[in-house]
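Q: Each protein sequence line maps, in turn, to chains A and B. Under our numbering, the first residue of the first sequence is numbered 1, with each subsequent residue one higher. Under our numbering, the first residue of the second sequence is numbered 1, with each subsequent residue one higher.
Treat the hints with caution; some may be incorrect.
As the list claims (entries may be wrong) - Here are the simulated DSBU-like pairs of lysine-lysine, each with C-alpha atoms no more than 30 Å apart in a straight line:
hint : chain 1 : residue 1 : chain 2 : residue 2
1    : B       : Lys315    : A       : Lys80
2    : A       : Lys111    : A       : Lys179
3    : A       : Lys99     : B       : Lys65
4    : A       : Lys47     : A       : Lys97
5    : A       : Lys182    : B       : Lys44
What the hints assert, rightly or not - Computed footprint of chain B on chain A, listed as stretches where at least three residues anywhere in the stretch have a Cβ under 8 Å from a Cβ of chain B:
hint : stretch
6    : 72–78
7    : 81–87
8    : 97–106
9    : 132–142
10   : 155–163
Hint data in this document are derived by calculation from the structure and do not stem from the laboratory. Beta carbons are placed, not taken as given, at the ideal position from N, Cα and C, and that holds for glycine.
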Amino acid sequence: MLSLNKNYLAGLFRAMLLIAAMGLATPTAIAKGVYQTEEDFLNEVFKNEIPETQTLILKGDLRKSVEKILTHPYSGFRIKYWENSTQSAWILEEIGKEKNITFGIAVSNQKVSYANVLTFRETRGWEIRYPAFTEQYIGASLSEERLTKDIDGVSGATLSVWAMTSVVKMALLLDGYIKNEKK
Amino acid sequence: MVNIKKLIAVSLLTIFNSAQAAPTNEEIMEMMHELKKELAELRKENQKLKGEVDEVSIATDEAIKSKILLTNKSTFGGYGEMHGNWLDDQKGSADKDEVDFHRFVLFFNHEFSDRLRLVSELELEHSIAGDGQNGEIEVEQAYIEYDLTKNTSVLGGLFLLPLGLLNETHEPNTFYGVERNNVESYIIPSTWWEGGTMLSTNLTEGVNLKLAAHTALEASDSTYSPKTARQKGSQAPAEQFAYTAALKYTAIPGLTIGAGLNYQTDFQNSGSYSSDEAILYEIHTDFSRGPIGLRALYAEWDIEGIGPKLVGADKQYGWFIEPSYKVFNDQLGIFARYSMWDNSAGNNDNADTEYTQTNIGFNWWIDPQVVVKLDYQSQSVGTAIVKELNGLNLGLGYSF
């Protein structure tokens, strides 16, 4: 037998419209987007002692290696990073389905030490920004262009998961590059 | 030796300069100060130029990114799938041996602002549409979505109902098997879209709730099949509305658990007396851990009214379970699916109308977004069903 009746469901609908109307009327309503600022991410990584911003120019073989990991051309040519004696931190962007997702990735001793989603504006795949998902990347390193850890995906968020995996690999590659340059 | 050289050099310099007045120590000091000052200015200028180069490089990088953002305000994508079926009818002569470009789909989206967007999907089914042709051109989605807050959005227009595993996400590279599972074709009538409004909100981390009010199904014949009852937003009757609620849990990576409810005020929606209100409820899961995957779904309709009861369509249900395993760096996935469905499960006489179907096969992703599929299907149908199809399915699909 039917356990729900017309009035109950119509009531649900009215409640839904009411919530929608309240949201529209709220002047402080904020759009999807920034979940952690660049500064907050860097403060988290470097415990409030942010090193000076450095820039890596993407060119030649380095650009080719990055584009191989991303499996598509990279549109920018400057990559900002921060480095102290133990960690390097990278702010990187990659397209999920249609929009750029901004990630903050930190690397320590060739392993991922932080992997955060800073901005996310896609309409689907938002589940990847939760720590339960991002924590899977902690401790991963790069071996023959693959991560050394298996990442369990999120149903319906495949493209966002791919984007984050690519960016984590990119940060590990760039960290390896700057360390190698200093030898 | 060095002292002699120095003496000669000083003497020559003195002779050379003897025609002019020799600079005093003060003058030499002054010249040195000037040189030092010029050097400092040059350094300053160099520093300034370096700063300008940095600024130009930052501005250029930002301009490139802005240009991309501007270009990305309107985006398009799509997917397509071609199927080959070579199926033998075990009960009669209705064999199916055909190749069909089943779906060719284009997405067109536009971002009006950070908070307001258009999402649309245009589909051509079976390659050719028109009078007397097999295919159809369909607008499966065309809605305007507005973000109320970071976690809540509302949309209006034509949209896919958030029910089951496939209705919202059905790009061919995202599921196993050439053909979509039949439980989500005949019980949840995917692809199922309606016109109306939907609110989507993230209640807490990994818990999403969707509530929708929309146009309704209208059963058009005495089978009361949900699939043929879809109006597809095409001059859909709107005397009565229908409602959908869906809850999705994704807080654990690799695990999705979802449940959905659809309420039809009047399954016939025409003021007819033969059927009344109806409820569809479904529960599903999608689990993956490393190479292992598992999908399962249960869906059931309870339809009130004398009409459906007479033909046993008052209860219609089905379920499937689909284990899978990936090998070769996730490029090849092997799966098996056992499914059953019955669109006349309410009959209490001897008419057996149940279908069971087993599929075994593989997906080969030649790129993460391009897939070749092959599977073998084996059906076992009730005595009241006239067609039982066994055989091979071959598919090629893509999405971008």
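Q: Take the hints in turn and mark each one as holding or not.
A: Okay, the hints, checked on the actual structure:
no.	hint	in the structure
1	Lys315(B) x Lys80(A)	61 Å, violated
2	Lys111(A) x Lys179(A)	13 Å, holds
3	Lys99(A) x Lys65(B)	12 Å, holds
4	Lys47(A) x Lys97(A)	33 Å, violated
5	Lys182(A) x Lys44(B)	28 Å, holds
6	72–78	holds (count 4)
7	81–87	violated (count 0)
8	97–106	holds (count 4)
9	132–142	holds (count 3)
10	155–163	holds (count 5)
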